[in-house]
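Q: With these hints in hand, go ahead and build the complete structure from the sequences.
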Amino acid sequence: MDLKTPTPLGEKKEGEKSITEKILEIDAQKRNESKPNLSKFTLRKRGEKSTPTPIHHKKEKKKEEKISPYSNLILKEKISIYIRNNKEKLINISLVAVPFLILLILIIVIFNYTRSEPYRLASEFLNNIEERDYKRAYELTTETFKTVNTFEDFKEDSEKLNTVDISNPKVIKKRLEKPDGMGEYAYIKYRISGYYVNITVFNDDTKWGIHSIEISNEK
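Quick note on numbering: the sequence shown equals residues 1 to 219 in full-length UniProt numbering.
Just so you know, these hints were derived from the structure itself, not from any lab. It is possible that some hints are incorrect.
[As the list claims (entries may be wrong)] When the alpha-carbon atoms are kept at most 25 Å apart in a straight line, the in silico DSS-like pairs for lysine-lysine are as follows:
#: 1; residue 1: K160; residue 2: K135
#: 2; residue 1: K89; residue 2: K155
#: 3; residue 1: K189; residue 2: K174
#: 4; residue 1: K178; residue 2: K155
#: 5; residue 1: K173; residue 2: K189
[To be verified] Quick list of the computed label-pair ranges, beta carbon to beta carbon:
#: 6; residue 1: I91; residue 2: L176; range: 37 to 45 Å
#: 7; residue 1: D205; residue 2: V98; range: 26 to 34 Å
#: 8; residue 1: E152; residue 2: Y196; range: 23 to 31 Å
#: 9; residue 1: N127; residue 2: E152; range: 19 to 27 Å
#: 10; residue 1: K174; residue 2: I93; range: 41 to 49 Å
#: 11; residue 1: S80; residue 2: I108; range: 29 to 37 Å
#: 12; residue 1: I105; residue 2: D205; range: 21 to 29 Å
Note that the structure is a prediction, hence the values are computed from the model and not measured. Note that beta-carbon positions come from the ideal geometry of N, C-alpha and C, so glycine has one too.
A: This is the structure:
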């Protein structure tokens, strides 16, 4: 049996690449693969028009439709023709509709005023007392209140109320009542610095006024 001469350590076989050569070869392949293939892309020459895509064509068409003034002119013409042909009918409708709308607006304004005025008046009344403008607060009361309470009595009671902080009254209850033939009443309950203030506002079909005021420790 013939024995082959062993290859010394560190020597490579004939025709076999070294490890360093293999690493360099793999690295070169990766670099070549990462480079984009520009052969698929063609640059348009200067002055050459590009072929529009279907999407681009649709966008251009929509843009032309929006910009086109003819659609607005046609619409205006149709409206003008309709007005000329139905002029008398439109006038009759406006003669009925306009007064009706005005009446509806007045009803809404009066209703809102009626609902909000007593609460606004009670708030103004407390503000005047806080500012010690007792004369102005007294003027907001009803004639019945003035008959029962003189200005001096009212001023004395208001001074007592002003001994606590009434700058931030909190409404905890309010309601409206309209008894038959007796005007209209608004009842507002405030919580002020640990006290409860009940204000009654009365409307005798002419104007609202402060009808009574009560202060208590109980809710």
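Q: So, for every hint listed, does it hold in this structure?
A: Results for each hint:
{"no.": "1", "hint": "K160 / K135", "result": "holds, 16 Å"}
{"no.": "2", "hint": "K89 / K155", "result": "violated, 65 Å"}
{"no.": "3", "hint": "K189 / K174", "result": "holds, 6 Å"}
{"no.": "4", "hint": "K178 / K155", "result": "violated, 30 Å"}
{"no.": "5", "hint": "K173 / K189", "result": "holds, 5 Å"}
{"no.": "6", "hint": "I91 / L176: 37 to 45 Å", "result": "holds, 42 Å"}
{"no.": "7", "hint": "D205 / V98: 26 to 34 Å", "result": "holds, 30 Å"}
{"no.": "8", "hint": "E152 / Y196: 23 to 31 Å", "result": "holds, 25 Å"}
{"no.": "9", "hint": "N127 / E152: 19 to 27 Å", "result": "holds, 22 Å"}
{"no.": "10", "hint": "K174 / I93: 41 to 49 Å", "result": "holds, 43 Å"}
{"no.": "11", "hint": "S80 / I108: 29 to 37 Å", "result": "holds, 35 Å"}
{"no.": "12", "hint": "I105 / D205: 21 to 29 Å", "result": "holds, 22 Å"}
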